[in-house]
Amino acid sequence: MRFVDEFRDPEVITKAADEIRRLADSARHYRFMEVCGGHTHAIYRFGLKDVLPANIELVHGPGCPVCVLPMGRIDDGLAMAKDPNVVFTAFGDMMRVPGTQGSPLEHKARGMDVRIVYSPADALTIAEKNPDRHVMFFAIGFETTAPSTALVLMRAKAKGVRNFSVFCNHVTIIPGIRAILDSPDMRIDAFIGPGHVSTVIGCRPYEWIARTEKKPIVVSGFEPADILQAIVMLLRQLNNGEAKVENQYTRVVPWEGNRAALKAMSEVFELRPFFEWRGMGFISQSALRVRDSYAEWDAERRFAMPGLRVTDPKAAQCGEVLKGVLKPWQCKLFGTQCTPERPVGALMVSSEGSCAAYYNYEHRKHAVPA
Amino acid sequence: MCLAIPAKIVDVVPGDDQASALVDVVGVRRRVNTGLLLDDPPKPGDWVLVHVGFAMSKISEEQALDQIQTLNMMGEQQAALEEVSGYGVDEGET
Chain A
43 MRFVDEFRDP EVITKAADEI RRLADSARHY RFMEVCGGHT HAIYRFGLKD
93 VLPANIELVH GPGCPVCVLP MGRIDDGLAM AKDPNVVFTA FGDMMRVPGT
143 QGSPLEHKAR GMDVRIVYSP ADALTIAEKN PDRHVMFFAI GFETTAPSTA
193 LVLMRAKAKG VRNFSVFCNH VTIIPGIRAI LDSPDMRIDA FIGPGHVSTV
243 IGCRPYEWIA RTEKKPIVVS GFEPADILQA IVMLLRQLNN GEAKVENQYT
293 RVVPWEGNRA ALKAMSEVFE LRPFFEWRGM GFISQSALRV RDSYAEWDAE
343 RRFAMPGLRV TDPKAAQCGE VLKGVLKPWQ CKLFGTQCTP ERPVGALMVS
393 SEGSCAAYYN YEHRKHAVPA
Chain B
26 MCLAIPAKIV DVVPGDDQAS ALVDVVGVRR RVNTGLLLDD PPKPGDWVLV
76 HVGFAMSKIS EEQALDQIQT LNMMGEQQAA LEEVSGYGVD EGET
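Residue numbers (the working numbering), protein chains in the order written: chain A, 43 to 412; chain B, 26 to 119.
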């Protein structure tokens, strides 16, 4: 275990690891999916795989917003920003994600006004400071981020800032989990539930996973001890033949979620009938769009959105990796044609993408120096 | 992007339409929006988790210090500081 010395309380880790070994039935193979990309990152960063017995397999889920965004949406966003009057703003994570004609950063190099913002509020500020320009914010993220975009749109409307729009690519986590469970080539025994998404939506939206699908789910924090504790809780449920929603991250996640955040989201957004997830296809009611009452701030309606659909390169197996069917290193392009420096797929771009996480923490460890 | 950064409320800033607060993240001070905590507004001295410039939830001081250490261990403290320093383009260039 590489990082044991850094842990605040190594004893807690050792204890949790012992408990996992005691609870896990050696005759059984367990597949637990961590839904959230933040967990994926933490699992690789801390080398938690080395702590777990070999019959507990962690499968990486679809909870990385940059990774599930289809390339066509990146192309759409960039196409709408071709007008030299438009300022294209997005989080730093988006900047290196490849579109058909290159990433936002490459478009910047060719003269497009592309700016990184760390908060959607700052995109609005840029609009207010540049009344003669139009500022488009490329919004991505699950329910963790959508309420912030909502508050910014409410502010734009209240202040009458008309040279600002949002290209909404917010997705919702529950339909993503449902798609995984409906996928015929997928067998998951239980879920490690996302931590920060749950601060907004709470724990109730997961109840169907336990009740209908009979799968345990434990909402977990991001420290090594949190993740191991969540695995202990999942094993206890499985051993008792139970399937319930449990909250390991009570210090941050309230069972009912954040009412003010949910209210802001429903004021500004409504569900799209369907939305394409990269590698997973169209999933019904899985994304948000801007309501009619905010149409003026909806980039899709202000600009002629081409509505591009791009087929991912055949050799790249992002979809299989995203669904957890393949491990990152089993993709034909992994580490050769697709690296964090020259990513082919989005899973290699975001630090929360399983390919980048695996590449940075596992692959480099095994790599023989040239 | 999915970072949640622990920040200490230094001052509550009366806003025009949405509440905001001055926070301190390991010495870096920036304004964050507190409109998502309307049901339980934070006071100076409280700790909050910040995501993309918005306070998401209140946490205890002990949890905040734990979280800071987690960011440290994950090698993400630099990214967190960079993100926080990036808030508020209005303070500098346009």
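Hints in this document: simulated from the structure, not taken from any laboratory.
Small disclaimer: the values here were computed from a predicted structure and weren't measured.
Warning: the hint list may mix true and false statements.
Which stretches of chain B does chain A cover? Using the computed rule of at least three CB atoms under 8 Å from a CB of chain A, they are [to be verified]:
(1) 29 to 38
(2) 61 to 73
(3) 83 to 89
Ideal placement from N, C-alpha and C gives every residue a C-beta, glycine not left out.
Structure-based check of each hint:
no. : hint     : verdict
1   : 29 to 38 : violated (count 1)
2   : 61 to 73 : holds (count 4)
3   : 83 to 89 : holds (count 3)
Hint violations for this structure: number 1 only, all remaining hints satisfied.
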